[in-house]
Amino acid sequence: MYDKQARIKLWGNILFIAAIVVVCFFYLQLDAVRIFTAAPTFVSYIAVNFFPPSMVHVRIYIEAVLHTVAFAVVSVFISMVLSFIFALLMSEAIVPNAFARAVVRFFVAFLRNIPVIIWASLMVMIFGIGSMVGLIALVLATTGFLSRSYAESIQEIAAKKLEPLRASGTGKIAMIRHGLLPEFTPAWINWTLFAFELNIRASAVLGMVGAGGMGVIIQTQLSLRRFNEVAAMVLMLVAIVLITEFAAGFIRKRLMGDSAIASSGATAAGIIIIFLFCLQYLNLDIHRFVNRLSRAPRILRLLADINSDMIMPGLRGFAASFAMGAVGLVFGGLLALVLAFLAAENIAPCKPLSYAIKMFVSVVRAVPSLIFILMIVAAIGLGHNAGVVGLILSSMGYLTKAFIATIEEQPRGIITSMRATGASWGQIVVHGLLPAVLTGFLAWVAIRLETSVAESVSLGVVGAGGIGTLLSRAIRTFDYPSVTVLIIIIFGCMFFLEMMVTWVRRRFI
Amino acid sequence: MPLLEIKNLVKNYTRPDTEVLQGVNLTVQAGEFVVIIGPSGSGKTTLIRCINRLISPTAGEIYFEGEPTGAYRGARLRKLRTQIGMIFQDYNLIYRSNVMQNVLHGRLGHMNFLRSALGLYTQEDLQAAQDLLVAVGLEDFMHNKAGTLSGGQMQRVGICRAMMQSPKLLLADEPISSLDPASARIILDQIKMLTTARGLTGIINLHQVDFAKAYASRIIGLRLGKIVFDGKPGDLTEEMVDHIYVR
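Chains as they are written, first to last, in the numbering used here: chain A, 1 to 509; chain B, 1001 to 1247.
Quick caveat, the hints were computed from the structure, so don't treat them as lab data.
The structure presented is a predicted model; accordingly, all values stated were derived computationally and were not measured.
Any given hint might turn out to be false.
[Said to hold, decoys possible] In the DSS-like style, the derived pairs of lysine-lysine whose C-alpha atoms are separated by at most 25 angstroms in a straight line are:
no.	chain 1	residue 1	chain 2	residue 2
1	A	K172	B	K1168
2	B	K1168	A	K160
3	A	K160	B	K1079
4	B	K1192	B	K1232
5	B	K1145	A	K160
6	A	K172	B	K1145
7	A	K172	B	K1192
[As the list claims (entries may be wrong)] A few chain A positions that, by computed beta-carbon distances, are all more than 12 angstroms from chain B:
no.	residue
8	K9
9	A18
10	R166
11	E183
12	R301
13	N346
14	M499
[As the list claims (entries may be wrong)] Sample of chain B residues lacking proximity to chain A, with all beta carbon distances greater than 10 angstroms (derived):
no.	residue
15	F1113
16	G1152
17	A1162
Glycine included, every Cβ here is placed at the ideal spot set by N, Cα and C.
Taking the hints into account, I'd like the entire structure generated from these sequences.
Listed below in structure tokens is the structure:
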């Protein structure tokens, strides 16, 4: 930090980010006062209206929560199988033809860069409401995510471990079976469980667009202003998300240590039985879906049209969504920065405070941001301001957890040696830890940018502005040519953003 | 008929001015133990990988047992590879499979589709793998995960895997570069012992000139993608070594 050039660079970066935030603020015509006073308003509103949670309809809620879990299980299972196939098709060791790989890669990128709630709205538009369309939407988005993750892991393995098998003339299937699968198991467990955690949250919001699950109940109760009922559901959702995270952590530890269990036939059979059980429990409306399939070609034909008048409003809408995502990310990141240093156990100044922060963050993280937004909208009204507050909360939750993990990975020596010199807590943080963790933090922020913008686009669907609002309006009014344009814009911009983030991560981190 | 004949082999990566191999000619008779020496970037790895076509040459032709291999694709290429064993610098074992499984992987190319996919090795294969592990002194580690072994032990598994193919030619790409001197000597001893006992031909890339002189029956000096020395270890003078490695 005493290097003058480094200092100039640091301040340059800070000014740059600040400038972006200011531009975004003006672009969105955000009300800074309103945003910063929203937090207390929101908290007091929640405290007054949402408590105590009402347990009158507890049976219905439990059923809805179980449905949500079953949704996640079924969607992850199907996506897992599809993703493994796609990931193999994206791997150079399996498919030598670069053009074929690029086609698969593009298709997967398309699946991944359309947020799940948008997939759900589209499916509802084409096939009508129902649980089957929700499942399809989840599978599409999850396959996009998992294929890429699997493919990255497979690429790492293939680069080294498959060469000997190739050099000894082994065929492809045997190469996958004997070389790839054993080494792929840990990554497979990791990513699949991660997708499961994501999908629990995602399936909870699908109902908001009529795609089944508990989202529809939450939304209805909110609009009827039965806040105590909403509180009960949200609490249960939080509980189930935390239980899932805990269970996933347990399974990870257990299976990583012992690959024999992970790759045994009994485990495979167990997973398939759970899948079939959940499928049975969901009782999907397959008949209705099949009946509606005949509608699809007509609507797809209608979607082939393009409304070029929508291009400019669409791009402006995406800019607004991006601005909301960026503002949410920057403020969420700043909050996370403070919270993480107060909570990381190797530097936390006060144990109870650390536990309190960790617990608060877990709860915030467990609630899907769409549900947050709905609650905030109930408290401070519709529009960009509500969207930004929700995005700040969700980015803060995610980044605090990531930052804490990064800080706790730091060797204790840094802190001990500084403490030995008589440095204060603040000095240790600023001079000892911050330089050590800064690159790691930036990597997390870069990764989060994509999610934050994707969430911001999704929020539009429930009325927080941006391109999502344009899209849901077009869908509601059956304005197919506009829908096509907006989807293309969302995909194009999200894809561009993803490439930028990848580039930044490679270049700077 | 020579076992291997390389004619005018050229390889360049993307830009034409970065020629890694600039017209290499080399004939290897059955039973030779050839060591290729040369500094990093001289093209040793590229040369050895062109032989089993892990890398495709830009120009030139390679004859294996008198047959040109350049046009080989698919099944025919795999057949060629089953006859050429390879040992890697970083061992490249499947860490999460056990030692026995890793050795048996050398057999997969010889098996039909169904048997290889299901991993149904024959009794002879199992016995052969066991015998090889005994020969390299790893019989006590047969059921250990490959990832738990030391570097030297991993490379010995790598040797067994290559031998399991019953190859005619053994390639080794800097097999001792990641090892300490004591383990390195054991590895080279075992490669030499097994190739001699089976009458195999060996082509080994090495960095260390003294090891090359001690083990090779013939040394090839590679510099900037060209062969600048080809002769008996005794003929490799200090000046020649300087010419190969310095400037």
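Hints, one by one, checked against the model:
1. Between K172(A) and K1168(B) the CA atoms are separated by roughly 23 angstroms; this keeps the pair inside 25 angstroms, and the hint holds.
2. The suggested pairing of K1168(B) with K160(A) holds, with an alpha-carbon distance near 24 angstroms, which does not exceed 25 angstroms.
3. Taking the CA atoms of K160(A) and K1079(B), the gap is about 21 angstroms. The hint holds against a cut of 25 angstroms.
4. Distance restraint check for K1192(B) and K1232(B): the Cα-Cα separation of roughly 17 angstroms lies within the 25 angstroms cut-off, and the hinted pair is therefore satisfied.
5. For the hint pairing K1145(B) with K160(A), the CA-to-CA distance comes to about 18 angstroms; that is within 25 angstroms, so the pair holds.
6. Between K172(A) and K1145(B) the alpha-carbon distance is near 23 angstroms, which keeps this suggested pair within the 25 angstroms criterion.
7. Distance check on the hinted pair: K172(A) and K1192(B) sit about 32 angstroms apart at the alpha-carbon level, beyond 25 angstroms; violated.
8. With a closest Cβ-Cβ approach of about 34 angstroms to chain B, K9(A) is found to remain outside the 12 angstroms limit, as its non-interface label requires.
9. For A18(A), the requirement that its beta carbon stay farther than 12 angstroms from each beta carbon of chain B is met, with the minimum near 42 angstroms.
10. The Cβ of R166(A) does not lie farther than 12 angstroms from every Cβ of chain B; its closest approach is about 7 angstroms, which violates its non-interface assignment.
11. With a least beta-carbon separation of about 6 angstroms from chain B, E183(A) fails to lie farther than 12 angstroms from that chain, contradicting its non-interface assignment.
12. Look at R301(A): its CB is around 42 angstroms from the nearest CB on chain B, clear of 12 angstroms, so calling it non-interface holds up.
13. In this structure N346(A) is separated from chain B by more than 12 angstroms, as the shortest Cβ-Cβ distance comes to about 30 angstroms.
14. No Cβ of chain B approaches the Cβ of M499(A) within 12 angstroms, the least distance being about 22 angstroms, so the stated non-interface status holds.
15. For F1113(B), the requirement that its beta carbon stay farther than 10 angstroms from each beta carbon of chain A is not met, with the minimum near 6 angstroms.
16. The non-interface label for G1152(B) is consistent with chain A: the shortest C-beta to C-beta separation is roughly 18 angstroms, beyond 10 angstroms.
17. Not every Cβ of chain A is farther than 10 angstroms from the Cβ of A1162(B); the closest lies at roughly 8 angstroms, contradicting the non-interface assignment.
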